[in-house]
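Engineer: Going down the list, the protein sequences come from chains A and B.
Throughout the first sequence, residue numbering follows the working numbering, covering 41 to 288 in sequence.
Throughout the second sequence, residue numbering follows the working numbering, covering 36 to 295 in sequence.
Derived from the structure by calculation, the hints contain no laboratory data.
By construction, the Cβ of each residue, glycine as well, lies at the ideal position given by its N, Cα and C atoms.
Fair warning: there could be bad hints in the mix.
Now the stretches of chain B that chain A is said to cover, found in silico as 3 or more residues with beta-carbon under 8 Å [claimed, not checked]:
| hint | region |
| --- | --- |
| 1 | 173-184 |
| 2 | 192-200 |
| 3 | 247-253 |
| 4 | 262-272 |
Now the stretches of chain A that chain B is said to cover, found in silico as 3 or more residues with beta-carbon under 8 Å [to be verified]:
| hint | region |
| --- | --- |
| 5 | 112-125 |
| 6 | 136-145 |
| 7 | 192-203 |
Each chain is listed here by its residues.
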Amino acid sequence: MTAAPPSLLVEDLAYAYPDGHQALFGVDLRIERGERVALLGPNGAGKTTLVLHLNGILRAGRGRVTVAGLPVGKRSLQEIRRRVGVVFQDPDDQLFMPTVGEDVAFGPRNLGLPEAEVSARVAAALQQVRMADAADRPPHHLSFGQRRRVAVATVLAMQPEIVVLDEPSSNLDPAGRRELAEVLAGLPVTLLMVTHDLPYAAQLCSRSVILDGGVVVADGPTPDVLSDAGLLAAHRLELPYGFDPTRT
Amino acid sequence: MGAGHGGTLVARYVPGSSAVHRLEPHLKLVSVLAFAVVVVSTPVHAPWAPVAYGGYLLAVLTAAAVAGVGPGRLARSLVVEVPFVAFAVLLPFVARGPQVEVLGLSVSQTGLAAGGGLLAKATLSILAATVLSATTEPRALLRGLERLRLPQALVQILMFMIRYADVVGGELQRMRVARESRGFRSGGLRGLRVMAATAGALFIRSYERGERVHLAMLSRGYTGRLPTGPAAVVDPRAWAVALTLPLAAAAVLLAGMLSG
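With the rest of the complex left out, here is chain B (with noise of 0.2 Å):
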């Protein structure tokens, strides 16, 4: 027990060597920001917008493509999105303004391309962020948002968790194992009180783990500062292939602009 767990968190990533791969982790991150920016700002009403989101999807697309991020995983990705799709469904039908046809339904105008906008958007920016994901391991991601000088205590939060994601995991299940073994059987009033319980009891074994952790950090001279390892020097033709994205999209928002 407690050994070959494959990681929950680890199963993101897809491992290979492709241009994006090698990529430093923190030009990875910058350009997927800059990417999200360049998609969110577009507008959403401008009559050229479809055609933009068409430019930034083939720009996305082929970052995946170059790393080697196959379609069935960035389709398993936009699962996230359910939410949002929701919402973006709804947007048509309670906006007002002009009404048009679709499909036999009369729609606002303004609230289709306001809900098409936010669901191309969304789409776009999980896209860009997926193929981050599975091309970069989640402690090269957290060396990256350390480098771009986030605050220590996020640093160290996000990778605590990354560690203790599947140790806590195991303790649920063992937990589970140990309710089921004993005749428990989950839905219900009572089976929402037991939950209740469970995650409390998870919740003070945690705490009392970091206590533990903690007091051994402080063993091996842990001052508040993580030490990091000497950080690469970075290559500015790095730069450049990282930037290809953000730059590709910008461009397209530019020419988007002047034509409109």
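Same shape as in the complex, but just chain A (with noise of 0.2 Å):
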């Protein structure tokens, strides 16, 4: 093997809840290193699901997930929440500690890392959203669009291979959303992006991937992707009124 492993890897993944709901029937996905992907699907297709496997917080009921060549399982656990960060879609569950700068700091902590490096990668990471004067700063002074770049922030720090991001751009006004595109747009990592905002993912990803049912619908360029009328209105997708996605 001379590439590099893909940053993502996910092979005939099936999961079925304990109260027998089964949301995966076989997600087969592979996301290179550098890519950006956007994830899209109606409400119920198992987008969640999906994400919740990438880091091993829903253990596959069969297939199976691999993050830069370290497949997930019990063993990898830690190493495999270090290399996929999640931001969740609700800030305030995701920034729990009383100031911004120890939120940013948790993850590195749990990584043991020396505290110079900690403070080195917070700064950093701040830096990278536009953030870097709000450490000291508590979570419930910021508004919406600055709580959710510094959650974007917070897995930044664990310097990931790949950000999973779960409807980044829901509840931000248009110019929190602007600055959030802005920073995705200059992020140096692999994006996986779920969402419903389709004009979101035009702007800043050149995959779209549909998954609707449980299996992956769709996987292609993006403007391609979102062209196809017949294929968005068959899995509950809408574009918004007079947007064309092939002048993006």
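Hints given; two lone chains; assemble the complex.
Structural biologist: Structure below.
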């Protein structure tokens, strides 16, 4: 093998919740290093279930997940969670420490890094999301958009192989939405973005994957996927009025 | 929405840079606790007890003055004492023993001492705790408790309480607005039912948020321990400053015991 292993490799992943409800029926997904991919799909398609498999919160019923060559398993859990940074939808769930700085330091400290390295990473991560001056502020004093950017910083501080964002643009005002897009576009990491926001996908991701009914039903360049009106309609996805996906 | 909340718990903190503010939080905790122990161990029936209370009051007011905590702030903090006051006022009337005349009323002498002692001890302890909370940020208090080896689980519960008090408060506020927007007026039995439903909904929401927070923590490598930064080294002189308050109180107590 000469090429680097893909950042994320999901093979034939199936999962049923303990109550018997089956959410995933054999998902295949390969994301190369440095790619930015949008994961689209209606509510209940299994997107969140898939995300929770990527860092080993849920354990595959069948199939497997590999992150940069390392299979997700019981023994690799701590390293997998370093490699896969998940940014959850509600920043109030993600930011639980008393100050922004301590929150960003939470992950690196869990890795057992020396304190000098921790502070360097906190500073660098906050810089990357343009929140460098917020380190000493309590999260509840920040605007929603700022909190979401700090949530991104909390996973960047782990220096992950891949960043997974759950609905990154939800509840943001237009300026907050644009600021986050600018930050995300500038990140030198592999990105998987779970979203309903098709223009956001078009703006940030060159490739889009549609998940529905627990399987991947489409995978291709974003303009192609978003121009296929029949495909979108079949999976309860809709472009905003007047939006032309071929012109971004 | 969501942003700009003042923070109900943080509001108790009065920013400043006095000697008391600068003390390490765990020193202040030890100091306040020791002060309270001295105050509580004062025998209420000793004839010199009222003088000792005066001495303690002087000590704690001096600490408040050094910390820059104003009389208004101290007075407001005493509101939590109201239930004690009710109990303390009852004591002289219900206790037995020799009676004395106070303002034309015949009351029990031992009851008067017990009630007065209870009131004095509660007031003094609350004043000391107020100086602590006014000069120490909640998260610094947590660090102090952690340094004093309070079990991790308790520290974490307190930390989440501080972090999420406003989030849950905001949720409650939005539920209230939504209720009232549909014509609900509180009061009456029907009102109670609605309030109970609100409390239930809030509990479920908070429980679910707890689960989501836990997921987010696991996703960043949480293993059951909260990682903390390096602890600052404490100057022995800081201990001396912190212990001034309980030592002063102990001196008053000792003087009283020797004289009695």
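Engineer: Each of the hints needs a verdict: does it hold here or not?
Structural biologist: Okay, the hints, checked on the actual structure:
1. 173-184: holds (count 3)
2. 192-200: It holds: at least three residues are needed, and the region 192-200 of chain B offers 5 whose Cβ sits within less than 8 Å of chain A.
3. 247-253: The restraint on the region 247-253 of chain B holds, since 6 of its residues have a Cβ under 8 Å from chain A and three suffice.
4. 262-272: holds (count 4)
5. 112-125: holds (count 5)
6. 136-145: Holds: 6 residues of the region 136-145 of chain A have a Cβ under 8 Å from chain B.
7. 192-203: holds (count 3)
In summary, the structure agrees with every hint in the numbered list given earlier.
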